[in-house]
Amino acid sequence: MNVPPLIRDALRPLLRRKVVSGLIVVMLALGVGVNTGIFSIFHQVLLEKLPIAQAEQLHALASPGPRQGANSADGTGDDLFVFSYSMWQDLKAIDAPHQGLAGFRNFGANVGFDGQTTSVSGSFVTPNYFEVMDLAPALGRLFRPGEYTEAGEGATVVLAYDHWRREFGADPDVVGRTLIVNGRAMEIIGVAPREFVGVNRFDPTDIFVPITMVSELANMSWRIEPRDNYWIYLIMRLSPEVAPEQIAAILEPRYRTILRERDAPLLNEVSDSWRARFLARGLELHPIGVGMSNVGDVGRTPLTLLLTVTGLVLLVACVNIANLLLAMAISDRGETAVRMALGAGRRKIMLRQLLQLGFLALLGALACVPVAMATLHVVLSLIPDSVSSPLSASLDWRVLATGIGVSLGAMLLAGAAPLLQALGSRPVAAIREQAGRSGGSRFSSRLRSTLVTGQIALALTLLVISGLFIQSLFNVARVDLGMNIDQVVTFSISPARNGYPAERSAMLFAELEQRLDELPGVESATISSVPLLTYNNWGNNVSVEGFEASSDTDTRSNLNVVGPRFFQTLSIPLMAGRSFTEQDTEGRSKVAIVNRAFAEKFDMGDAVIGKRMARATGSGVELDIEIVGLVADARYSTIKDDPPPQFFVPSGQTRGLGGAVFYARTPGDPEALMRAIPPLVAEFDPNLPVENLTTLKRVSRETIIIERLMGTLATLFAALATLLAAAGLFGVLNFSMAQRSNELGLRAALGASPTALKRMMLRHALVLAVTGIVVGTALALLLGRVSAGLLYGISPFEPLISVSAAVILLAVVLVAGWLPARKAASVQPVQALRYE
Amino acid sequence: MTQLIEMTDIRKVFYADEVETHALAGIHLSIDAGEYVAISGPSGCGKSTLLSLIGLLDAPTDGRYRLNGVSVEDINASQRARIRNKEIGFIFQAFNLIGDLNVLENVELPLTYRDGVSKSERRERAMEALKRVGMAHRIRHFPSQLSGGQQQRVAVARALVGEPSVLLADEPTGNLDSKNGEAVMALLAELHAGGVTICMVTHDPRYADFADRQVFVFDGQIVDEETLHKLRQEEEQRLEEQIGQARARRDTIVDHA
Chain A
108 MNVPPLIRDA
118 LRPLLRRKVV
128 SGLIVVMLAL
138 GVGVNTGIFS
148 IFHQVLLEKL
158 PIAQAEQLHA
168 LASPGPRQGA
178 NSADGTGDDL
188 FVFSYSMWQD
198 LKAIDAPHQG
208 LAGFRNFGAN
218 VGFDGQTTSV
228 SGSFVTPNYF
238 EVMDLAPALG
248 RLFRPGEYTE
258 AGEGATVVLA
268 YDHWRREFGA
278 DPDVVGRTLI
288 VNGRAMEIIG
298 VAPREFVGVN
308 RFDPTDIFVP
318 ITMVSELANM
328 SWRIEPRDNY
338 WIYLIMRLSP
348 EVAPEQIAAI
358 LEPRYRTILR
368 ERDAPLLNEV
378 SDSWRARFLA
388 RGLELHPIGV
398 GMSNVGDVGR
408 TPLTLLLTVT
418 GLVLLVACVN
428 IANLLLAMAI
438 SDRGETAVRM
448 ALGAGRRKIM
458 LRQLLQLGFL
468 ALLGALACVP
478 VAMATLHVVL
488 SLIPDSVSSP
498 LSASLDWRVL
508 ATGIGVSLGA
518 MLLAGAAPLL
528 QALGSRPVAA
538 IREQAGRSGG
548 SRFSSRLRST
558 LVTGQIALAL
568 TLLVISGLFI
578 QSLFNVARVD
588 LGMNIDQVVT
598 FSISPARNGY
608 PAERSAMLFA
618 ELEQRLDELP
628 GVESATISSV
638 PLLTYNNWGN
648 NVSVEGFEAS
658 SDTDTRSNLN
668 VVGPRFFQTL
678 SIPLMAGRSF
688 TEQDTEGRSK
698 VAIVNRAFAE
708 KFDMGDAVIG
718 KRMARATGSG
728 VELDIEIVGL
738 VADARYSTIK
748 DDPPPQFFVP
758 SGQTRGLGGA
768 VFYARTPGDP
778 EALMRAIPPL
788 VAEFDPNLPV
798 ENLTTLKRVS
808 RETIIIERLM
818 GTLATLFAAL
828 ATLLAAAGLF
838 GVLNFSMAQR
848 SNELGLRAAL
858 GASPTALKRM
868 MLRHALVLAV
878 TGIVVGTALA
888 LLLGRVSAGL
898 LYGISPFEPL
908 ISVSAAVILL
918 AVVLVAGWLP
928 ARKAASVQPV
938 QALRYE
Chain B
11 MTQLIEMTDI
21 RKVFYADEVE
31 THALAGIHLS
41 IDAGEYVAIS
51 GPSGCGKSTL
61 LSLIGLLDAP
71 TDGRYRLNGV
81 SVEDINASQR
91 ARIRNKEIGF
101 IFQAFNLIGD
111 LNVLENVELP
121 LTYRDGVSKS
131 ERRERAMEAL
141 KRVGMAHRIR
151 HFPSQLSGGQ
161 QQRVAVARAL
171 VGEPSVLLAD
181 EPTGNLDSKN
191 GEAVMALLAE
201 LHAGGVTICM
211 VTHDPRYADF
221 ADRQVFVFDG
231 QIVDEETLHK
241 LRQEEEQRLE
251 EQIGQARARR
261 DTIVDHA
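Keeping their order, the protein sequence lines are chains A and B. For any residue, its number in the numbering used here is found by taking its place in the first sequence, counting from 1, and adding 107. For any residue, its number in the numbering used here is found by taking its place in the second sequence, counting from 1, and adding 10.
Rather than coming from a laboratory, the hints here were simulated on the basis of the structure. Each residue gets a CB set at the ideal place from its N, CA and C atoms; glycine is no exception. Accuracy of the hints is not assured; some may be wrong.
Derived Cβ-Cβ restraints for the label pairs, each shown as a range [as the list claims (entries may be wrong)]:
| hint | chain 1 | residue 1 | chain 2 | residue 2 | range |
| --- | --- | --- | --- | --- | --- |
| 1 | B | 125 | A | 877 | 22 to 32 Å |
| 2 | B | 126 | A | 877 | 48 to 58 Å |
| 3 | A | 881 | B | 96 | 32 to 42 Å |
| 4 | A | 926 | B | 81 | 32 to 42 Å |
| 5 | B | 157 | A | 926 | 33 to 43 Å |
| 6 | B | 157 | A | 888 | 44 to 54 Å |
| 7 | A | 881 | B | 203 | 53 to 63 Å |
Next up, chain A with everything else stripped away, as it sits in the complex (with noise of 0.2 Å):
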């Protein structure tokens, strides 16, 4: 191959040092592909764009401030971010330079077609909706402007393309066709374009319906009409002339005076600063060009973290870089003094040595791939599958632009000081110190330690971090539950998306709920309506005999619908009263248990057993339920937050249960019995799909997802970045051995001893270490504040966990510092006679 000889030239002492250069290639795929994968997570869930034209104009609207009556959010954003449907119709109305107001709300789906029933992700939407996002069908047409606009119009779906492909093989002539989405045989008129999910990339939706059909479709507390039922999240899409503060400017009062005219009016019982809040709440737009969901916003702070810790791994591997280029620089003088000698320019030399950079730089680029690929793998193997779905294993075009970028960028920066080096050769010095001593000049020596130290000050940064990140963990696994989640077995059903009546629906829970009790294998079975330890919540406002309430006072309990062996199968204590039995059913009296957090926050004292209380709030209430049980405290809905209030109500006294949850305890192979289900629940209806079959155990680990997360990470990533500063250690003491070696038999002809040469040695890797240490605490106190509210039980400045992290890295230094010491030992004194 004719290769042009300026780069031959360049590339020859690369292949001539084929271990170096070897070496250079591994820490920058180490470095860069680490990041590349982390990049290429926080790409997806932060920054990447939905796949729309022009999706910065999108803006989500929020309204924080107090609301009475329901109020319901999901994954898609926070309770600010809902609004009634009255008030989309209200905004929308008003004349605003705006491109349109959309809403939408997921909701969960059973869909039946040609005889099978999945279940699936569905999203209500806003007759605009499509318009707003400026989408034109893959096939059929999309819902129009101006079309369905009273409740139950609309027996229509577009399907989602993924969807189409999948489930319906991409068949062009689906339109028309009928589809059954929970029990209701609605008419497929199209295809969503290719790509887009909806708004909420972590839900991604596979149908969209008219919202107009919420009460036909979906069997919750959502409504068209009341102007006091928050669930609806409204996108607007902005012109692009216009800020979003101007348009916010122009809504706000408009938005104040519907809250005073048309829903204060709707108010009933509250206090007056009560009443002034809610009317003086505001009106914020919040960009979502790259979507909306919980995801990105419990994922920021970690994700960031995370980056932030791939960032400081390829620093050490860039010091590491710079110092074996450093070193190659340095043994190359001679010969590029002799080129300068030889009329070599110094352009010449800055081309040929940036050559070399680019090479490395090339190859780390491409090396770099696995080790993205590994990492993201990794990290999507570390996260449930309900957030890491939506999530692409591959590598996007542009996250590897980026990695080739930061490849480049972090070669240059690593070749700066050689690059200096060479191009501040003098012909004439150079030639001369070739021929004898070559141990670089001071300030190459210092700028070698330096780069050392920062090296160790970045490893000790990050094992401290990663010991922060581990003791979290084993605090959040370690945390009493109040309940036993071994050999649990959970799984649940939602029959009512099968078009299924409360009446039956609660037939079929309670049938379920015995034959799964009866079940060879399984000690004690039980349903509940809340899915515990997975953020859902339910909760009433209560009123309870003896307790003293003013408007503003909080009444808030938590709440679950619960069989009768709920605590027996998950081992709750029961401290005082009895539990349900299956003679707790309509028409007895209404019985529920409480918690002692209940008991605690309602001013109960010991008298629990007896007292009555009531699911709602209010003069004149009746307290219609009798307490006949106290349990002990057990976590509800996250395993770091402490257990709320709670009350139980008997899922016999419940109807209108459009769902349940069920648990299953046995004393044998969990998996065996999760087996046995999916034909069980088939025995009633094979067209009842069961959802979320998994152990107790395996949801508790997915809701600690974070501190898994960041525990395994930051270790993973602490460990390279140790290993990698304990190599470039190694490295510059031998390095430095090598070019001191007729220093040291200097020193040794005027009388220092093996054991003084090898602690001269050791005491100047333990001053590099000690003086990283000092370093790297400072930088660990400053990034532990930025992860403080991630760690769970543990303060970010742990003194025990900072002199742990300095004690790993004082042997590894010491470790790392022992061959070059020994070498140093074993210099001959003799070698004096050489030293020039």
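Fit chain B to the given chain A structure using the hints.
Just chain B now, with coordinates in the frame of chain A:
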């Protein structure tokens, strides 16, 4: 006079792969305390190897060596280092100052390897040594800021600071111009006059004349001056013959052409 150095039948063989090089072949050498001895000889004759053995920088392959009455041919590296530190002061051709240390620190260096010498004593003795060589005014300078002659003076101070039994100088003027070379030789002569034992390797007869006694090394053996002269003459004769043969071959090739 007390016998300071006594070497009997010292041999040194270097092994490189399968090649054996006999650098020294049966050296007998005695140096008395207070003596000034110059070791001379052509390049590669083994004089530096001999100096490294005298200075305990290396161990002999065979033979006996007593330094200040102690047998030292068969001691370990740590003992060797301790004796070197106490008994021997080195002056090297290229000064061998450590670039990262200033003048004072360079001079203090041998004392840092000696037990029981406090920092203040170290400083005091270093200053004394520097005064003796006329370099006390440059203690904060680094070697790169000094001239060659000044560097060698500092090196002499470093050799003196531990009050060794003998100063070993390996071509101490080799890297100096004649003016500085003479100055260093004058300094050594002055030290010798003060009672210091000196053993110097040099190939320059002008500087060898500074010594009380000259030892000639040729092909790894000590020879007297007459023998050295004879051997050199023989060598020169052999060389001339070779040159003559080479010229004859060249002329033959030209004729044929």
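Cross-check of the supplied hints:
Our hint of 22 to 32 Å for residue 125 of chain B and residue 877 of chain A holds, since their Cβ atoms are close to 26 Å apart. Checking the proposed 48 to 58 Å range against residue 126 of chain B and residue 877 of chain A shows it is violated: the Cβ atoms sit about 28 Å from each other. For residue 881 of chain A paired with residue 96 of chain B, a C-beta distance near 39 Å keeps the hint of 32 to 42 Å intact. Residue 926 of chain A and residue 81 of chain B have their C-beta atoms about 35 Å apart, which keeps the hinted 32 to 42 Å range intact.
Evaluation of the 33 to 43 Å hint for residue 157 of chain B and residue 926 of chain A yields a pass: the beta carbon distance comes to about 40 Å. Take residue 157 of chain B and residue 888 of chain A: their Cβ atoms lie about 51 Å apart, and the range 44 to 54 Å holds. The hinted window of 53 to 63 Å between residue 881 of chain A and residue 203 of chain B holds, with their beta carbons roughly 54 Å apart.
Checked against the numbered hints listed earlier, the structure breaks hint 2 alone; every other hint is satisfied.
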